[in-house]
Amino acid sequence: MNGSPSILEVKDLQVTKAGTLVLDIPALMIEEGEILSLIGPNGAGKTTLLQTLARLIKPSAGEIFFKGKQASPNNSDLEYRRRVAMVFQEPLLFDTTVFENVASGLKIRGMQRPEIRKIVAENLEQFGISHLLHRSARKISGGEAQRVALARAFATHPEILLLDEPFSSLDPPTRESLLADLESILRQTKTTTLMATHDRMEALRLSDRVAVMNQGRILQVGPPAEVMNQPLDEFVASFVGVETILPGRVIRKNGGSFVASIMGHEVEAVGEVELGESVVFCIRPENVTLAVHPSKESSSARNVFPGKIVKIIPLGLYHKVQLHCGFPLVAYVTGHSLENLALAEGKEVVAYFKATSIHVVKKKGGRV
Amino acid sequence: MDLILEGIKKAFLLLITLDPEVMGITLLSLQISGTATLMSLFIGISAGTLVALSQFPGRRVVVSLINTGMGLPPVVVGLFVTIFLWRNGPLGFLEILYTPTAMIVAQAIIASPIVMGISLAAIQALPKNLRLQILALGATRLQMVWILIKEAKLPLLAGVMAGFGGVISEVGASIMVGGNIKGYSRVLTTATVMETSRGNFDIAIALGIILLLLAYFINLVLTHIQQRERPR
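Chains as they are written, first to last, in our numbering: chain A, 453 to 820; chain B, 19 to 250.
A portion of the hints provided could be inaccurate.
Covered by chain A, according to a simulated footprint, are these stretches of chain B (three or more residues, beta-carbon under 8 Å) [what the hints assert, rightly or not]:
(1) 31–45
(2) 148–155
Dumping the calculated DSS-like pairs for lysine-lysine here, alpha-carbon to alpha-carbon at most 25 Å [unchecked claim]:
(3) 521/A / 642/A
(4) 28/B / 200/B
(5) 559/A / 168/B
(6) 146/B / 591/A
(7) 200/B / 168/B
(8) 146/B / 559/A
(9) 806/A / 705/A
(10) 760/A / 799/A
(11) 814/A / 705/A
(12) 510/A / 146/B
(13) 570/A / 591/A
(14) 510/A / 463/A
(15) 591/A / 171/B
(16) 168/B / 469/A
(17) 519/A / 642/A
(18) 559/A / 570/A
(19) 806/A / 763/A
(20) 463/A / 521/A
(21) 806/A / 772/A
(22) 760/A / 772/A
(23) 168/B / 591/A
(24) 521/A / 510/A
(25) 171/B / 559/A
(26) 705/A / 763/A
Keep in mind the hints are simulated off the structure, nothing from the lab.
Small disclaimer: the values here were computed from a predicted structure and weren't measured.
C-beta: ideal position from N, C-alpha, C; glycine also.
Just chain A, with the same shape it has in the complex (with noise of 0.2 Å):
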């Protein structure tokens, strides 16, 4: 990325336990400065790859270089866990004042008090918790030990942060206020960063790259926009939010476009495929419109599909439209566009999406 110096290089790397091996990694690069999310399901190994990153976990098989210097897992890595800092999903707070939590990487190294002092005071006032200084650790909320929490890894100076959740367990506002005081943080100290979520939209926010990962493999990383458009196969589709996945042949080729058969319905997408391909069509749901009757507008696409609204799930800003057209579709629609057409479930309605909206994934192995 852009020739910028690699922080953390991963080899080969493996984790097994009880004899199963729950990470494989064959190569992962990490650039100085940037943010890297790991997003995926509940045991996809994103806290093993953390905890083993912090040398926490010792890996099976598999090399970590550290600004290039390979560290071994068998050297003594004192040294290098002084370099680097993690915070769990728990806040894990000492039975103690804030002060203290605060100060106890510093302490472990065996810093000056004085000195203590000043990186305290630093970083509470940076998590806007300087109000809580002699507070003990006991009587705070879940928001507010959070903060306590990074601000005890960022007060060791760190030179890569590694974040395991720190926000799920907290409640939306809390979240979402945090979330932003972190952002700013992190882009100031530009401290190169590894965070697993499960939410993608906090990892598409924060991050510069993208990991996702399933069953301790990384199946895809890159930008969060290459990686929300371009996935490269149906689990990265469903897990950053295409809604609709759709398994069909491709039957007929014309110049840079061709027809796909889904489901017995004739769908058009634009991309390099052979005749009688497998193809997975992965259409967003924001890029689907419905209209009561075919109108103009849907007339200049040339996926348009009669259809019956199967359920309507409010989501807030939006509403979730479930069709079915032959084969499911998936749409989001405003709430204000919802009264207009006066949708309903059971309704028959048009859907229609461009063919350039279709992101195609090609099947290996042909099978659909």
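Given chain A, put chain B in place with the hints provided.
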């Protein structure tokens, strides 16, 4: 009824006037049991922490042995300490049988498994990821153990109190290895046994009240510890 009322009246008089004999016995009790508890603290906390933090084959057996040790019958301890310290015994050359030192040894043997068992449970009850978090903060293994012990300080204090409570109220071993010698190895429990058998109920009741007060104080601290919350 008169016997009891009269006994209680005299007992309070003994306590209020700070009767030298009663005070002497109390002080010696606190000294012996306090020293024994201090010794058990070092043995119990270090061994308990070690077992809590390590994985080895047969660990379950060790843990169950420690738990059994928490209920070690004092007379059995008294018996074996007596045998070992007997003139012809393996440690007879020390010549400490029927001395306060022998009582301290016996009481430390009784209290150590109690402190050990509670330390083991206390360290194990800490959040599983806390160990990783401490290491992630850059701690050495030794620093990590020390921080964990500090984190478990309240349940550990409970262990110390339980150990102290066990030995201060124990009579079997103390009488066997201490001999209940007046002004030398006579403690609250052994004195109570003797005064009761002699029919000196007033002194026996006074001593009993002191033991009860100590038990109350210990439980007050334990209750306070139990009601505290862990930080997030």
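Check the structure against each numbered hint from earlier and tell me which ones fail, lowest number first.
1, 7, 16, 26
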